[in-house]
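A.B. asks: Since each chain comes alone in its own frame, lean on the hints to assemble the complex.
For the record, the sequence lines run as chains A and B.
Under my numbering, think of the first position of the first sequence as 1, with each following residue one higher.
Under my numbering, think of the first position of the second sequence as 1, with each following residue one higher.
There may be inaccurate statements among the hints.
Which residues of chain B face chain A? A partial, calculated answer using Cβ under 7 Å [to be verified]:
#1 Ser9
#2 Lys12
#3 Leu16
#4 Pro19
#5 Asn20
#6 Cys21
#7 Pro24
#8 Tyr109
#9 Gly111
#10 Val131
#11 Pro132
#12 Trp169
With a cut-off of at most 30 Å between alpha-carbon atoms, the simulated DSSO-like pairs for lysine-lysine come out as follows [unchecked claim]:
#13 Lys141(A) / Lys181(A)
#14 Lys68(A) / Lys141(A)
#15 Lys210(B) / Lys238(B)
#16 Lys199(A) / Lys14(B)
#17 Lys210(B) / Lys67(B)
#18 Lys145(A) / Lys199(A)
#19 Lys141(A) / Lys14(B)
#20 Lys199(A) / Lys12(B)
#21 Lys145(A) / Lys12(B)
#22 Lys14(B) / Lys61(B)
#23 Lys199(A) / Lys68(A)
#24 Lys14(B) / Lys145(A)
#25 Lys61(B) / Lys12(B)
Hint data in this document are derived by calculation from the structure and do not stem from the laboratory.
Cβ coordinates follow ideal geometry from the N, Cα and C atoms, glycine included.
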Amino acid sequence: MSAPTSNCPNCGAPVTFRWSSAIQTTCEFCHSILIRTDLDLKKVGEVADLPADASPIQIGTEGVLDNKGFVVIGRIIYEYEQGGWNEWHIVFNDNSNAWLSDAELEYDVSWLAPQHQIPVIGRGSECILANRAYTVTSITKAHYKGVQGELPFEYWDKSDVAFADLRTPTGEFATIDYSEKTPLLFLGRSVEFDDLHFKNLRRFEGWTS
Amino acid sequence: MSTTLVSQSLVKAKSLSCPNCGTPIELRGFAHTLSAVCPSCLSILDASNPELQILQTYQGKERIEPKIPLGSRGTFNGTVYELIGFEQRSVQTPDDYFSWDEYLLFNPYKGFRYISEYCGHWNVIRVQSRVPYPTTARGRRGWVLDARKFAAFDAMQAATSYVIGEFPWQVRLGETAACEDFIAPPYMLSSETTAGETTWSLGEYWEGSKIWQAFRLPGKPPSPQGIFANQVSPYAGKTGAAWRMWLWFNVALFTLMTIFNLTKANKEVFHDEYSYAYFKNHDTSFVTPAFQLDGVNKNVEVRFHADIRNDWIYLSMALINDETGQTFDFAREVSYYVDSDGSEGSRDNRVVIPSVPAGRYYLRIEPEMVTGALSTRYEISVRRDVPIYSYFWIAAALLLIPPIVTWFRSNQFEARRWRESDYRPVDSPVMKIAGGIIESLGDD
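Excised from the complex, chain B in its bound form (with noise of 0.2 Å):
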């Protein structure tokens, strides 16, 4: 009885000889198989009956060779996996043709698993026991399943136009069923429809090198050639990475700035209260009484206020080294308008000259007012080592082109992707300049 027992374990592999052209046929799937392609004739037979029935003859002229041979062994999250099927599908439309790979792998315990290829492009995919929930997604009709939402890429009529090796189902050349794509990257959501019933499988999106991994192949893959419908974005999740990077440069270049100007001495070294008064003819020039500057090249900054209203004023002055002579000149006008509409300019300007030797100075200063204006009274102040903002908001700027690049690259990369869809959107001409200016960006 346990001799029995064992024998009775132990499941044997199949093995046929083809009733067309009488080549041996090893089957790797057991009683699984239900059709199997003669590797020397294709012809497709009927591997459920004894008799092995000859289902269907090939009548095409070319051979394909799968890049993964029939009986590869790979291991995927832990199982090992055989190669026992290969099939391509192809779809003819009036205005286009093209065709995809379809791998077919058998684990006597885990059951089956798909590989598809599509120009260098894997999935691992597996028949869902599940059925996914319908949404809305992008406008359309899409799918949730695990909580991811799946949107509509494309659909078409898909026939089998080349097999070989064995299937669990009755396979034949010519075949069409119903196919619908719906993507969520790296995952890719297919409906699959033939006789009124669907059959809903997950695929999920593996590089080329890692198929070659799990099969521990020789060389290397085909380089996929464009973008593939459920191919993760290099872009993803960077656009949000770059804007709190974007953040944190503000708040390390903010802090950065408030310590430097913290440093700064700030002093007023220089004030003073003037009154124009217009004489024809007049030399209107005049120099203030000299001021110390300390430090080692530091800034110097010289504000003017005017007691103007509907008026301006304009001084011409010069910061002159009274030991030196080294002068620098600078002008600023002071303008101020008010009407009923709201006012116009400030009664306020100033200058800052950036790296001052330090010294004894004077300001010569030549006021020029309209003619005919009296007693305007202005104020001149000079301070020594004030803190600078401009530098601060340059950087900012600065700041800002990364994480605009990263933007506008996921968005064209999103554009690239969904121009394969059949639900392909209008790429906007604004997306479209853009895209131009940081395609010329990159290309430096």
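Just chain A, same shape as in the assembly (with noise of 0.2 Å):
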């Protein structure tokens, strides 16, 4: 894994990028949303002050998952009018790259499908994913917060975005992402916090982990 490092277009502090294949980052000083062109970094906007959350997860927390090794690079802020999440940005040993939400401290990971017929779906319906039979457990309008580090798209510059989950039996979890003109299909299935082994974990104030 290559660490390039560059420096912030807008106050010049030094950006170094952990994932190759990351299209967007932000500065840690300045928070300015940074898109890596060809040759350099563009400033494209700001991030405002992020809300506060109390997700055990931050950028650089380490854990394993399948046996693979993961580092946290990045993530994005949602909320809605029961609580927010995050969408943390994970990137494996193997440089392939998914996404660990934390709603609640209840995990997700899920990996974008591509190419993958979007279904047409409402509440409590029921619908067949990669064989599998799903049910549709919400649908959420929720509100763009922030981003904060490494990302595999330009992500910046939005506003209330829906999401619909879908879970079956055994765990298996997909959600579609309706932010972009065409939705997306990710899917994946939830998780342990005790199965992630994670390491290098915030700390909570009268509480040791």
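C.D. replies: Here you go:
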């Protein structure tokens, strides 16, 4: 994995990429949103103050999934009326990436399913994805609240985004992201905190991890 | 840079003061907490924004003390959770009112768990990130999760009637949800539906003492009243075990009996044939030659066989000790009838005299037949120390009692459980009577 270093076009601070395929990142110091071009970095916006969040995960948290080590390199933050959640962008030691979502400390991991037929769904409806029967468990209208770190695509300047979550009896998880013109399907499964063997988590006052 | 990282890494607990009464409130759920209740004035506050709006003020007069105090920490499956919220939920129907308590547990890494309590019955609950699939159980819609079949138990509209502590959702008094419970003891699968979305949770029945142990609480938990939906029957699996035990006892009994009977001498000590002839006013009685009976107080079997057809013979007999004159009196009838419908009776009969002392004995026999019968041949044989099977059958019958009692008790427990269900089955009169009998047996 290469770690090319550039400088923030806004404040000049060093910007390091942990993942060679990252398209976007944020400057740790001035919170500029930076897009990687062929030659250098281009500032496209600025992240407002991120909402207070109590996820134990942070950029740089490491873990293990399916015997592959991963590191958290970025995230997208969403809020909706009953709370918020983080979509943590994780990169495995084989350079592949995935999403680890943390919604009220319930964890799901999912991968973008390219060129997949997007089913037409409604609340409580059922559909077959990748030969499994899924039930739609929630359709959420969320507010995009910000980004942090490295992402595999340009993602900024969003407002309201609709998501549908689908689940199976055996813990498979799917989410349809309607933020793009063509909705995106992510397939994965729910994961237990203990099974991820995290390192470098945040610490909480009054608690030992 | 390293200092910024460290300070960023430690998430500080938030404290607020109630905009209604000024009481300081320490939040335990960090940024997860969306609503908090002022411990002093019980106002529900919006903890998600810094303005700390009052969302609802408490109008009731009654304060409810949770059985487990807020802030308690308990260990569940090796993870420490802190009790951060408490709510009472109630169901009001035209002919019923009841409520139960729900405790919210929090760990900043593992998330939220719930404990529910109703009349001393506890459940440890976790929201599921899986959806069960539908099936049919007990003739209704049920669900399957983890290869367990959950049967519909009840359905209700539950309202939040009291809250203290803090919650990762916007809690409101009076808010209702459609709840349904499905059971597979010790598990209970519950669905809660609000605004068209269903949340599934899985509870496991816990004894109060285990909850007390998990929190290291002083004193004793309230003793449970009645039988709870997903309480494990004390007879679960015992009926099968009782029947298996019964089978093994029978095998043992049969083996014992076989061994016991193999030790029997079963020796014929006398055998003779006689012919009955009728003479008016004639005494038919006679005595046999003497025979030796050996062994101490063994039994004696006397067998009869008569060559009769559509006739009977009645034999009054006495086994008499030649030396002491001790007499054993007995009588048997042999009757055998045949017609087009089949036969009735038998040409053979026997009598077993238990415990006859050793010595020389003879039989005195007085046969009797219907007037006019002529020259009927019959045989008498005497055997010493014969095998006996009747004890075996009595013992086998007695051994049936424990499994039958267990089976009835198990059925009764299930009947009491389901009596609380919205889908209570009709009690069958047979089970009611049997239940009464078993109950009275248990009272002894």
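A.B. asks: Against the 30 Å threshold, does the CA-CA distance of Lys145(A) and Lys12(B) hold or violate the hint?
C.D. replies: 21 Å, holds
A.B. asks: Classify the hint on Trp169(B) as holds or violated, based on whether any CB of chain A lies nearer than 7 Å to its CB.
C.D. replies: 5 Å, holds
A.B. asks: Against chain A, with CB atoms and a cut of 7 Å, does the hint on Ser9(B) hold up?
C.D. replies: For Ser9(B), the interface hint holds, since the closest Cβ of chain A sits about 5 Å away, which is under 7 Å.
A.B. asks: Would the hint on Cys21(B) be counted as holding, given a Cβ-Cβ threshold of 7 Å to chain A?
C.D. replies: 25 Å, violated
A.B. asks: Has the given pair, Lys199(A) with Lys68(A), been kept, meaning a C-alpha gap of at most 30 Å?
C.D. replies: 14 Å, holds
A.B. asks: So, as I understand it, the hint says Pro24(B) touches chain A; can you test that by seeing if any CB pair is closer than 7 Å?
C.D. replies: Interface hint status for Pro24(B): violated (16 Å vs cutoff 7 Å).
A.B. asks: Would you mind confirming whether the straight-line C-alpha gap from Lys141(A) to Lys181(A) stays at or under 30 Å?
C.D. replies: The hint holds at about 16 Å.
A.B. asks: Once the shortest beta carbon distance from Gly111(B) to chain A is found, is it less than 7 Å?
C.D. replies: 3 Å, holds
A.B. asks: Measuring from the C-beta of Pro132(B) to each C-beta in chain A, is the shortest one below 7 Å?
C.D. replies: 6 Å, holds
A.B. asks: Checking hints one by one. Is Asn20(B) an interface residue toward chain A, by the C-beta closer than 7 Å rule?
C.D. replies: 23 Å, violated
A.B. asks: Closer than 7 Å between Cβ atoms is the bar; does Lys12(B) clear it against chain A? Give me holds or violated.
C.D. replies: 5 Å, holds
A.B. asks: Is it true that the CA of Lys210(B) sits at most 30 Å from the CA of Lys67(B)?
C.D. replies: 14 Å, holds
Of the numbered hints listed earlier, those contradicted by the structure are 3, 4, 5, 6, 7, 14, 25.
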